[in-house]
Each structure stands twice: as structure tokens, then as C-alpha cells.
Amino acid sequence: MRPFSPAARVLPGSAPRSATPVKSILKTASVLGNRKHRHESSPDAPESPTKRRKVFFDDIRNITYEVGRRTMEEVKLEVRNALEGHLGGQDSRYDTLKEMFANDTKRYLPSAAGEDDTLKPHELQAYVMALTSCVPILKHKDFNGLVRVVLQCSWLGRDDAFVKSFTHFLAALVSAQGSYLGTVLSMIVDKFQLTRQSKWGVPDFPEVTRETMRQRLHSTLLYLLQMFPSAVSVLESILNAKFPFPDDSVQTHMAYINNLLKVKEYMPKLENEILDSILNRVVKIDSQMQLDLEDLDDEITTAVLFALRENPHTTSDWEEDELDESDNESVDSEDLDLDEETTQIKTVKENVDKMDAILDTLFKFYTPYFLNPGSDKAFDAFAIILREFDRIVLPTYKSRHTQFLIFHFAQQHERLTDAFCGQLISTAFQNNTPNVLKQAAAAYLASFVARGARVPRSLVRSIFSLLLVHVENYRRKYEPTCRGPDLKRFHPYYSLVQAILYIFCFRWQDLVVAAPDTVDTDDAASYIGQDLEWVGSARKDLSIQIFGKLNPLKVCAPVIVEEFARLAHRLGFMYIYPLVESNKRVRLTQFISSTYATGGALREAGYDHEESFHQLDPYFPFDPYQLPISKRWLDDDYVHWKSVPGLNADDDSDDSDDMDEEDDNELEEATATDSEGGDYD
Numbered sequence: 001m002r003p004f005s006p007a008a009r010v011l012p013g014s015a016p017r018s019a020t021p022v023k024s025i026l027k028t029a030s031v032l033g034n035r036k037h038r039h040e041s042s043p044d045a046p047e048s049p050t051k052r053r054k055v056f057f058d059d060i061r062n063i064t065y066e067v068g069r070r071t072m073e074e075v076k077l078e079v080r081n082a083l084e085g086h087l088g089g090q091d092s093r094y095d096t097l098k099e100m101f102a103n104d105t106k107r108y109l110p111s112a113a114g115e116d117d118t119l120k121p122h123e124l125q126a127y128v129m130a131l132t133s134c135v136p137i138l139k140h141k142d143f144n145g146l147v148r149v150v151l152q153c154s155w156l157g158r159d160d161a162f163v164k165s166f167t168h169f170l171a172a173l174v175s176a177q178g179s180y181l182g183t184v185l186s187m188i189v190d191k192f193q194l195t196r197q198s199k200w201g202v203p204d205f206p207e208v209t210r211e212t213m214r215q216r217l218h219s220t221l222l223y224l225l226q227m228f229p230s231a232v233s234v235l236e237s238i239l240n241a242k243f244p245f246p247d248d249s250v251q252t253h254m255a256y257i258n259n260l261l262k263v264k265e266y267m268p269k270l271e272n273e274i275l276d277s278i279l280n281r282v283v284k285i286d287s288q289m290q291l292d293l294e295d296l297d298d299e300i301t302t303a304v305l306f307a308l309r310e311n312p313h314t315t316s317d318w319e320e321d322e323l324d325e326s327d328n329e330s331v332d333s334e335d336l337d338l339d340e341e342t343t344q345i346k347t348v349k350e351n352v353d354k355m356d357a358i359l360d361t362l363f364k365f366y367t368p369y370f371l372n373p374g375s376d377k378a379f380d381a382f383a384i385i386l387r388e389f390d391r392i393v394l395p396t397y398k399s400r401h402t403q404f405l406i407f408h409f410a411q412q413h414e415r416l417t418d419a420f421c422g423q424l425i426s427t428a429f430q431n432n433t434p435n436v437l438k439q440a441a442a443a444y445l446a447s448f449v450a451r452g453a454r455v456p457r458s459l460v461r462s463i464f465s466l467l468l469v470h471v472e473n474y475r476r477k478y479e480p481t482c483r484g485p486d487l488k489r490f491h492p493y494y495s496l497v498q499a500i501l502y503i504f505c506f507r508w509q510d511l512v513v514a515a516p517d518t519v520d521t522d523d524a525a526s527y528i529g530q531d532l533e534w535v536g537s538a539r540k541d542l543s544i545q546i547f548g549k550l551n552p553l554k555v556c557a558p559v560i561v562e563e564f565a566r567l568a569h570r571l572g573f574m575y576i577y578p579l580v581e582s583n584k585r586v587r588l589t590q591f592i593s594s595t596y597a598t599g600g601a602l603r604e605a606g607y608d609h610e611e612s613f614h615q616l617d618p619y620f621p622f623d624p625y626q627l628p629i630s631k632r633w634l635d636d637d638y639v640h641w642k643s644v645p646g647l648n649a650d651d652d653s654d655d656s657d658d659m660d661e662e663d664d665n666e667l668e669e670a671t672a673t674d675s676e677g678g679d680y681d
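Here the sequence shown stands for residues 1 to 681, where the numbers follow my numbering.
FYI, nobody ran anything at the bench for these hints, they're computed from the structure.
Positions of the beta carbon are idealized from the N, C-alpha and C atoms, including for glycine.
You can trust all of the hints, since none of them are fake.
Just the calculated beta-carbon pair ranges, DEER-fashion: (1) Ser462 - Arg483: 31 to 37 Å; (2) Ser543 - Arg587: 20 to 26 Å; (3) Arg585 - Ser543: 17 to 23 Å; (4) Val559 - Val513: 26 to 32 Å; (5) Pro229 - Glu265: 15 to 21 Å; (6) Val513 - Arg632: 34 to 40 Å; (7) Pro268 - His569: 52 to 58 Å; (8) Val436 - Asp517: 46 to 52 Å; (9) Pro268 - Asp617: 38 to 44 Å; (10) Tyr577 - Asp376: 49 to 55 Å; (11) Asp160 - Lys364: 26 to 32 Å; (12) Lys199 - Gln226: 24 to 30 Å; (13) Asp247 - Glu479: 47 to 53 Å.
Straight-line distance between alpha carbons at most 27 Å, and here's what the computed DSS-like set of lysine-lysine pairs gives: (14) Lys631 - Lys364; (15) Lys284 - Lys269; (16) Lys549 - Lys584; (17) Lys477 - Lys549; (18) Lys346 - Lys199; (19) Lys438 - Lys540; (20) Lys346 - Lys631; (21) Lys377 - Lys269; (22) Lys199 - Lys106.
Sequences and hints are given; from them, build the entire structure.
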């Protein structure tokens, strides 16, 4: 059974042909529309029912339709004459045919005196069917203009019969001339961005809902893909090319993405490409938003937070556009008067909304695959997320939110957690991996282990011990040629040491393997002053690194070093304050050779950089996530930083103040990469 079958009214028998001459609708543009049809018969003679009952036929299914005063054969002849006339240089009827489709959304206004020659709303279907029968002629390049106009008609807002006829026209067109395949598919994909009914609705037809419009759109696309298997590869490139621009509205983005996910349902061959294209766009918006936020001062960032709280979205209204056309025009005119600061606030808020909407959709899309997280179905879905992470997210510096997809789903089952950590370990320690990827993998591994609430204690200890083994290997390799701390020469080493310090700051309780009975595991402060036993030889192994010639505490981010020093001292793990103080007198530039410092150029006597230029960025990718709507997916996944009075804070009252102010700084901590030292939430 074909997927499309007309639902037109079937008439009993064929109607007799009228002896009355029939005027063509294809007059010149100047007279089309308002002139009354004049009958050659006497005006006083009553009209016979058979005169009014002219029909046309669907050649494919032999079903009859009413079409006013023209038979289908007459319409076909009119259209063929118009096309052939165009080839012969007679363009009046051809231009009228084009105008008919170009103005197909104009409301029908019949003449007060009676019937006229204006095309009635339902009669356009006859011309679509006539063009279908003339497709062999349309192959000629002289008809490209007409084809483009017909393809842009508002076919989605009419009735089902018109949609089916138009679908057959598209199929016939592509079958006759394969070069139209890309044009037809582009026309369909363009409509993936439609967000409001006025864009597809047609006067004189009942209102078509968004759901109905999309069902028609995807039924047509599926029909073409089934008829032309080669169209799949063409569609793949078009889907990527037609993705909304980053500065397009959240409604446009969500309409397009929801349509992409619909395509994936019936074209599983395009699953990877569709998901990759969505994630690519998320990462671009994500990284750009971080750059924008870093350029804003605290007052503007706070204003963005206020705007988000004043105008909250719900999960169901991302595609709803409540403004009509006149509203949009007024908003645009107001935008002309906005000052620079207001424009910045508006832009950042729109990007936050886009990120929130897209990520919420992706969380919702993947969740059904993990209902049984230990199943092969869940693992296959996770393999897609892991592949996208490795190819798209990991190499992207300053990605801030996109990576939380894998953060969430990697914690659904031990098998998935092991797969994610194994991939990061492999990337971090492969010899042929660029240093920038090694640092990123180490940061992701440490951040995942530190922040993942469902990461088991055994895995925390295993990863911590494994990192200590690898930094010792690096130390033995680098120390013989080391004159002092040098980030550029020994980058992988410092990345791993910083990862170890970060894990310790968050998961030190999991690294304690034995403690006196007086210690209450639910009270972190009870560990102070107790004789604690640490996992393996962690205390000795880490002490060798910290007090070695490579001097990692000088290169690691000061905010992490400071917190580690405080915790290690009060827990009796290690006392490093003398080294921290002496490092303040060390200048990293004195250990940098001219080759590394100037890219091989002769070093100038006055060459210098700030110390922070030669230190690691305190970037850990799973720092607090607070996008307003999508953060709900991470409620049970996340370890928040807790300042413990008497343990990791110098002043209990300061801790209380900091915690009270946490909500006020929520957006800044949640959306900006904490390159200034605000690593802890």
C-alpha cells in the first residue's frame, strides 16, 4: 500500500461534458482575478445541474474530483499550452501560472456580481496535478523559475488532498529530473524552522496545527526517501547546512532540533550525523557564551541572572512564540535604542536559554535508553554519547555545560562509569596524544571523580593511586633535565599533579582507609587531629612529587594549591606551607629557555610575562551546573563543595557569609569558567 492515498470525494459516474465553452483561468496578469465570467448562453436560461458539475481525474488512482467549471483535461491542456507557449516566446499565460502559485496565500474574494475568473482556494490542486502530468516538459531548464515558485507555495497549510497531490508532484519532478532532488529536499528542510502558524497557514482553509504540519512534512520526506534511496546522502549534507545560525532564536533552534530528532526515528542511518550536528551546535554556543561571560563585569552578570529569574521558561514552552508579527516589529524597533550593556544582557540571556533548552531536550531524548542502565541497549546509547564526547567536546576548550550529558549518563551504571574513565585514562596517557588533549583528559577525569556523587569509593581510590603511579613515571623521565618548574616542557606532569590535588580536595574522606572510633564519618570536622590511615602509600608518593625538583605547587593553579595546603595540614596528611611561602619568591620565567618562551626567536632582554601565564588554568569541566531548567537532571549526580568549619576555612563566620551569598552568585559560578580562581561552589 502506498503511503499516500487521496481522500477526495468520489462521484458516482462521470459527468457529461458541457456544451458551453469554458474560459481559461490562465489570462494575463493584468486581467486575472476580477473579471466576471460571461456565458455565451442566454443569461435568463436556468443552469442545469450537469453544467455546474464538471470534474477532473487523478490519473494515478482514477478518482474523480469537483473543480468548478473546468475538467481536469481542460486544466491539463491550459497548463501544457502555457508551458509550450513559454518555450515559443509567449509568456503571458506562463507568467500568470507563476503568479497563481506565488500569490497562493491571498484570500479569495469573489465578485459581488457573481462568479469570476479568480482561482478559488481548492482549485490550485488541479494545477498541481496538471503540472505533474507535464513533468517531462518541466525538465527543460527554461522552467526553473516556475519550479522554484511552485516549490515555495504554502502546501502544508491546505487540506490533505492538496498535500498528497503536491507530494506526487515532488516525486514525479525528482524522478524526471534528478537535479531537482537537492532543491526539493532543501525546501522541505527549510520548513523545519517554522515556529508559528502564520508561516504555514493558508486563508480559506481550516487552521493546521503544528503537530499536523509536522506530520505532513515528515510523511512527505519519508515518501521521497523511500522512492529515492540516494536521497539519504543528499539529505545528510542539507541537514547540516540548514542548521539555524547561532544567533537565531531559541524557538527556531528548538523547532529545527525537534524535527531532526523526528527524522532520526524513521531514518536510523542518519542517527550519528543528526546527533553530531546537534551537539556541534551546542558546543559552539556553549564555548561562545563562556567567552562572552568572561568579557562581562559582575554587574552585568548579575543582571543576566535577574533577567532569567524574572522571565522563567518551562520545559513545554521552548517552541511557543507568543509574539505576533506586529509585536516582533515593535521589539525590533525598541532594540535600536538599547544601550550596549542592555544588548549584552539580552544576548547572554538568549544564549543561556538556548543552551538550557537544547540540553534539556537531549537529556530527555537519551533518558529512555537508560531505563535498564546495565543493558546492551543502554551501553549502545552510551557509546554514541562517548563517541561524541571524544570527538566534539573533549577538544573544545572552555566548553562549560555540554559535557554534563556524559557526566549524568556515565553514572547510571558501573559498566558505563568504567567505560568513561577508561577512555579518559587512555587519552591522558597515550604517547601520541597532543599535550592539550592530555591536559583536558586529566581535567575531565579528576573533575568526574571529584564531582560524581555516584562514583564509588573504590573507583576514587583506584584513580587516585593510578595517577600517582603515572606522575612518578613522568618525574623520573623529566627530573634529570629539569632546572626548575617549567609548564611548557613538563606540561603532562603538572596536569596530572593538579588533577590529584583536585580529587583530594573533594574526596579526601574516600581516601581515608582507617580512622579511630571517635571519628564520625558523617561529620567531616571530626577527622581533625585524628591519626588517619590513607590509601596505599599516597602520603609518601605525593610528598615525593610536591617536594621534588619539578616543584608542581608553583605551576598548579594557586586556588587549588591553597585549598590543598589547608586541608592537608588540618588532616595531618602533609605540611606544605613553608614550600608555598618560598615559592612566592620564585619567578617561573627564570627557568624558561628562549626556545620555549619565544617560539625559537631570539629572546629579548625585557621579555617577561605575568606568573599566571606560566601556570595551569584552574579549569575543571564539571564545576557547578546551574542552567535553570536542565539542571534538574543532575539533582542526584553532583558533589557540591562544602566548607567545613574548622577544617577547610580559616574563619567560621566567613564560611557562613560565603554560603549565604552563594545564591546571589549562582549564575556567575554556574556559567562562567572559573579562570579567576573560583573553582568551588
